[in-house]
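Participant: Chain by chain, the residues run as shown.
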Amino acid sequence: MQSISLTITDRDRQIAGLTTLAISLHLLEATFPSLLPGVKPGIANIVVLFVLYRYGFATAASVSLLRVLAGSLLFGQLLTPTFFLSMTGALTSLVALWLASRLPASYFSAVSLSILAAMAHITGQLLMVRLWLIPVPQTFLLLPPLLMASIVFGLANGLIVAYLLNGRDARG
Amino acid sequence: MRTWLSKLRPLLWGDWLVLLLSLGITGWLWSDWGNYAHATKCQIRQGTHIIGTYDLMQDRHITVKGTMGQSVIHIHQGKVRFEHAPCHNQYCVQQGWLRRAGQVVLCLPNQVSIVLLGESGFDSLSY
Amino acid sequence: MYRWLCLLGLISLCGGCQPDSTHSEAYVFGTLVDVQIDDLSEAKAQQASQAVFARYQQLHQQLHAWQAGELQQLNTAITQGNSSIPVSHTLADLLQHAQQLSVQSGGLFNPAIGQLIALWGFHREQFSPVQFAPQQLQRLQAQRPAMTDLTITKDVVASRNRSVKMDLGGYAKGYALDEGMAILKAHGVKNALINIGGNVMALGQHHGRAWRVGIQHPRQPGAMAALDLPSGWAIGTSGDYQRYYMKDGMRYCHIIDPRTGMPVQTTQAVTVLIAPQGHAGVLSDVASKPMFIAPEQASALASTMGVFGWLMVDQTGKISLNPPMQQRLTWLHPETARHAHLVE
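Protein chains in written order, with my numbering: chain G, 176 to 347; chain W, 362 to 488; chain A, 741 to 1084.
Keep in mind that a hint or two might mislead.
If you want the ones that stay clear, here's a sample from chain A, every Cβ over 12 angstroms from chain W, calculated [unchecked claim]:
#1 ALA974
#2 MET1002
#3 ALA1080
A short, non-exhaustive set of chain A residues, derived as facing chain W with CB atoms under 8 angstroms [said to hold, decoys possible]:
#4 THR771
#5 GLN776
#6 GLY861
#7 GLU865
#8 PHE867
#9 SER868
#10 PRO869
#11 VAL870
#12 TRP951
#13 VAL953
#14 GLY954
#15 SER971
#16 GLY979
#17 GLN982
#18 PRO1074
#19 ALA1077
Simulated pairs of lysine-lysine, DSBU-like, Cα-Cα distance not exceeding 35 angstroms [said to hold, decoys possible]:
#20 W:LYS440 x W:LYS402
#21 G:LYS215 x W:LYS402
#22 A:LYS784 x A:LYS925
#23 W:LYS402 x A:LYS930
Derived from the structure by calculation, the hints contain no laboratory data.
Beta carbons are placed, not taken as given, at the ideal position from N, Cα and C, and that holds for glycine.
Using the sequences and the hints, build the whole thing.
Facilitator: Here's what the structure looks like:
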């Protein structure tokens, strides 16, 4: 008999803690009243961005995807359209983050990354809605107001991350 | 308060660039899309006769027999065009895809017309 | 998910709204005629529009520029040098009015140049490049056919010039607008819109608001602007994009400059807005032609022709318009509005 032993490192604990934090923020946000349908501040992304700066892209990606998975499990939405919508948003914003993290850090802070990720998030989701959920061309009429909201929230989240990092923002 | 603010560094040069660019793109999309009234249906006529009113959200070819021959109209995912026409000048085919409410393509020689329906903002067109 | 659906629902709600007025269409005068009637039962509205179409069919035959009819008989008689040609009262009235408008426009509106229009290949159902010897054009130009060559009394027409060939293509559609409105009123119609190949005239209102008409963009599919057309007002557009052919990369449109004998190549489109008056329909058809031919005199021509508002697109796509037009219209795309210049 072979036994499998899993070693849980401190880093694993940290990531687990941060993922838990992201999920909590995600759940917290769900209780907020939404001003406009489809518009949410996405405060869980603060954690993802923070992790990107502290632990690198791979860790940030795991936190982000785990957050979507666990969040939809908790809400009982696994494999529902909402789940796929969240997943699409998470994936497109990760792609944007991966690309944006190559920008020189001396010119582009967490604020830039946050805005770009937020815009990619909503654009990806809308594309998903257009292609699969509600395949009518009118869908794209929603893009400008949603992009505007994503810029505002992306800016706010980015400023919070910049504040949390407090200068220690060398990207991992 | 002061310590809180001191932690919040001003935006970097590139951050401003990203912010302005994204606002610019959004504004541009807004001004362009704000007026973009998509048609939902189209009406195809031959002479005085209405061949039919069709939903634009489908993929379908419609062949209409006109005074000169057969015009082939293609409806595809929210847009419509003349694909083939027997007329000499092919103006109708050259118009390409139409998707906005209120647009009209006429094939005068073959007397076939397509009118895109939807809230276009006007009742008739001076052309 | 449901929020998305709600929002989209809101947006697409009005996508399907169609006014419940009665539309009737026909191909007359070589173009599409659309009669929209709002306030009668379907059957009565059909009856009224059928009466309009019947009259149009008559006019179409009577005034056809190159097929058998009264106008063709007149043209043949003029060519033969007949000095006393009997005509119907309708045609006599119409010719007199066209003559008056031609004089008003300084000869720029000239329906006597049918031979030129035929030479350029526009007396056909479909247009394609034509070949002719330059001398043919020179000879026609030397003969200077003009409306002032005609002497028109109540039922007799005489011409001093045998090269006069009447082509009422720039008049008949407008005349038909006025006639059509009179017929609709006689049928008790209070709210209607007639569109004859882009010349539009309004009667009453449309569901409690003014009728709204779009103005076609000369180089893009669809409208560039829209405006309210109150009861009795008429609007007409002359463009180089409906009847034309291309030859050696040049566009040859059906509007011929009587001064040079050449198709106009300086203008893409002219739209005129006409206030209610006796011949508002006729003016909406006629008044755009002189401005199309001589854009440099647009302002002066507009006032002599009795135009309320006008909008012009030149060959480079630059738009000019007068203040009354500016006040009334709404641009549909901010991009187009940027190309627009006010002309006092």
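Participant: Confirm or reject each hint.
Facilitator: The hints, checked one at a time:
With a minimum CB-CB distance of about 10 angstroms to chain W, A:ALA974 fails to clear the 12 angstroms threshold, and the non-interface call is violated. At roughly 21 angstroms, the least C-beta separation between A:MET1002 and chain W is larger than 12 angstroms, which holds for a residue marked as non-interface. For A:ALA1080, the non-interface assignment is confirmed: its Cβ lies about 16 angstroms from the closest Cβ of chain W, beyond the 12 angstroms cut-off. Because the closest C-beta pair between A:THR771 and chain W is about 7 angstroms apart, less than 8 angstroms, the hint holds.
Hint status for A:GLN776 relative to chain W: holds, with the closest Cβ pair at about 7 angstroms, below 8 angstroms. The restraint placing A:GLY861 at the interface with chain W is violated, with a minimum CB-CB distance near 12 angstroms, outside the 8 angstroms limit. Taking 8 angstroms as the C-beta cut-off, the interface hint given for A:GLU865 holds, the closest approach to chain W being about 6 angstroms. Restraint check, A:PHE867 versus chain W: the minimum CB separation of about 7 angstroms is within 8 angstroms; hint holds.
Against a cut-off of 8 angstroms between C-beta atoms, the interface hint on A:SER868 holds, since the closest Cβ of chain W lies about 6 angstroms away. Nearest Cβ of chain W to the Cβ of A:PRO869: about 11 angstroms, over the 8 angstroms cut. The hint is violated. This hint is violated: A:VAL870 has a C-beta 13 angstroms from the nearest C-beta of chain W, more than the 8 angstroms allowed. Annotation: interface hint on A:TRP951 holds; nearest CB of chain W at approximately 5 angstroms, less than 8 angstroms.
Given hint, A:VAL953 at the interface with chain W, holds; its Cβ is 5 angstroms from that chain's nearest Cβ, closer than 8 angstroms. Evaluation of the A:GLY954 hint against chain W yields a held restraint, the C-beta minimum of about 4 angstroms falling below 8 angstroms. This hint is violated: A:SER971 has a C-beta 14 angstroms from the nearest C-beta of chain W, more than the 8 angstroms allowed. Proximity of A:GLY979 to chain W holds as hinted, the smallest CB-CB distance being about 7 angstroms (cut-off 8 angstroms).
Satisfaction of the interface hint for A:GLN982 is found here, the shortest Cβ-Cβ separation to chain W being roughly 7 angstroms, below the 8 angstroms cut-off. Annotation: A:PRO1074 was flagged as interfacial toward chain W, and the flag holds, the nearest CB pair being 5 angstroms apart, inside 8 angstroms. Annotation: A:ALA1077 was flagged as interfacial toward chain W, and the flag is violated, the nearest CB pair being 11 angstroms apart, outside 8 angstroms. Distance hint between W:LYS440 and W:LYS402 is fulfilled; the C-alpha atoms sit about 9 angstroms from each other, no more than 35 angstroms.
Pair hint G:LYS215 plus W:LYS402 holds up; C-alpha atoms about 34 angstroms apart against a cutoff of 35 angstroms. Taking the CA atoms of A:LYS784 and A:LYS925, the gap is about 13 angstroms. The hint holds against a cut of 35 angstroms. This hinted pair checks out: W:LYS402 and A:LYS930 have alpha carbons roughly 29 angstroms apart, not beyond 35 angstroms.
Hint violations for this structure: numbers 1, 6, 10, 11, 15 and 19, all remaining hints satisfied.
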